[in-house]
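Given these sequences and hints, build the entire structure.
Residue numbers (this note's numbering), protein chains in the order written: chain G, 1 to 236; chain E, 1001 to 1197.
Hints are computed from structural coordinates only; laboratory data are not their basis.
The model shown is predicted, which means the values in this text are computed figures rather than measured ones.
Note that beta-carbon positions come from the ideal geometry of N, C-alpha and C, so glycine has one too.
Be aware that a few hints might be false.
Partial list, computed: chain E residues near chain G (C-beta under 8 Å) [stated by the list, open to error]:
(1) A1053
(2) Y1080
(3) A1083
(4) W1141
Over the 10 Å line for every Cβ pair with chain G, so calculated as not near, a few chain E residues [claimed, not checked]:
(5) R1086
(6) A1127
(7) A1140
Below are the DMTMM-like pairs computed for lysine to aspartate or glutamate, each with C-alpha atoms no more than 25 Å apart in a straight line [as the list claims (entries may be wrong)]:
(8) E:K1169 x G:D3
(9) E:K1169 x E:D1118
(10) E:K1169 x E:D1132
(11) E:K1169 x G:D5
(12) E:K1169 x E:E1120
(13) E:K1169 x E:E1134
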Amino acid sequence: MNDLDSRLRAWNPVRAEEVSDAASSAAAAGLLQLVLDQAVTRHARHRPASRARRRRRLSAVAALSAAAAAGTALALGLTGVLGPARSAGTIRTAAFTIVSNPNGTATLTINNAALLDPATLQNDLAQDRVPAMVTVGSFCSSDPAPAGFSQVVSFYPATAGNHALPPGVHPHPAITFHPAAMPAGTELSFGVFHLNSGEQQATFELINASSYTCTHTPPPAPANGGSQVEFSPARS
Amino acid sequence: MPQPDVNAVMNQTGSSADSRVVRFTEIFETCYGPVLAYARRRVGSDLAQDVVAETFLAAWRNVDELPVQPLPWLYRTAQYAIANQRRAVTRRGRLDDRARLLADSALVPDLSESVAADLELAAAFRALSEADREVLRLAAWEGLSPAALGEVIGCSAAAAKGRLHRARKRLCRRLGTGQAPNSLARTTDTTAQESVT
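Below, the structure written as structure tokens:
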């Protein structure tokens, strides 16, 4: 390699390693979901672009750009600068993102569990018809727990059963809720604890809305058919 | 990565669309980083997300026609997206900092330490034509092979190699060096996918 090559490569303002994890960011996940929500237009490039179609295309790009920009803001840690934003069925805050899926499910991605405001998350889940009791420092459960948890909640990354996460800490797990599968009279209990290790632990269970008890002790393991996940303390 | 509800999309659009969703998702996961880097190298972080969004939207709408190695296609589409951004900004006549960045045909990065340390190279690079600058950027920064380079700039591999050689020669001349200008063409003889991972 001669000197000119070295100089040109050293001049590269964005190294490949700087973006090697970009595809795993919340911004990328949101963009992928939003793009997949767009209809495929076959042979679009072979047809002359009418003014109306051009407007539609630009509108779609504007929506995608807004979503991507929101993701970028999260990556930059602009907590508090941006309030909750909703576009194209998506709620974004610095702490989490909720995407409304076309089949009536809602996918929650935790961006930064340290910033999680339980009331905000509970309200936003309710907007997606997911009745939830979100608590920090406590966890509520029913005994016996209502059946059907595995039909209501699924995770990514997932184990074979798709209703529990593999062991270990998951930086930004995605959790999909199926509100239509929730038995009548039930809610989803979502309890977050700050562990001594610095991680956050969240436990999910179905509860009877009219009969449950709460504890301020982190549950040792998923009980009664629920699931448990550990988050990294802050978005990397 | 956090997974969108691909199953929901697949169920909604029918089984004939399943392979499209799977293929596009694979492409997105593989190419998002390189396309983001490509855009950031040319328009900076602020506008790069717009370019990436427009690029992958175009890719999704043409998913049936994407080549096996889609990265050169995506780079070329990103070029169009950048051009669209320039036109839109020019039309609006917004001469704020972002507009000036886009209107500057040189689009020479000026934030990294290496740039500040190599002002001579910056001056020589800026004096080249945009076509020369882009072919040098694609080879040195995106690490494209001559074949991939040709796909991006719309010519054969041999023609791309020639254009790269001539661009390097002109850059050497601007720099006042007499070194042989064929090293990049020789050393970037790898696939586009390999070079960015």
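To see whether the hints hold, each was checked on the structure:
Using the Cβ-Cβ criterion of 8 Å, the hint placing E:A1053 at the interface with chain G is satisfied: the shortest such distance is roughly 4 Å. Contact between E:Y1080 and chain G, as hinted, is not supported at the beta carbon level, the nearest pair being about 11 Å apart and thus beyond 8 Å. Below 8 Å, beta-carbon pairs count as interface contacts, and E:A1083 has none with chain G, the closest being about 14 Å; its hint is therefore violated. Interface hint at E:W1141: satisfied, since its Cβ lies 5 Å from the closest Cβ of chain G, which is below the 8 Å cut-off.
The Cβ of E:R1086 sits about 15 Å from the closest Cβ of chain G, beyond the 10 Å cut-off, so the non-interface label holds. Interface exclusion of E:A1127 from chain G stands, the closest Cβ pair being 15 Å apart, more than 10 Å. Remark: the non-interface label on E:A1140 conflicts with the geometry, its nearest Cβ contact in chain G lying 4 Å away (cut-off 10 Å). Under the criterion of a C-alpha separation no larger than 25 Å, the hint pairing E:K1169 with G:D3 is consistent with the structure, at around 13 Å.
For the given pair, E:K1169 sits about 18 Å from E:D1118 by alpha-carbon distance, which is consistent with the 25 Å threshold. A C-alpha spacing of about 10 Å is found between E:K1169 and E:D1132, which places the hinted pair at or below 25 Å, so the restraint holds. Straight-line distance between C-alpha atoms of E:K1169 and G:D5 comes to about 12 Å, which keeps the hinted pair within the 25 Å bound. About 16 Å separates the Cα atoms of E:K1169 and E:E1120, which keeps this hinted pair within 25 Å; it holds.
Distance check on the hinted pair: E:K1169 and E:E1134 sit about 14 Å apart at the alpha-carbon level, within 25 Å; holds.
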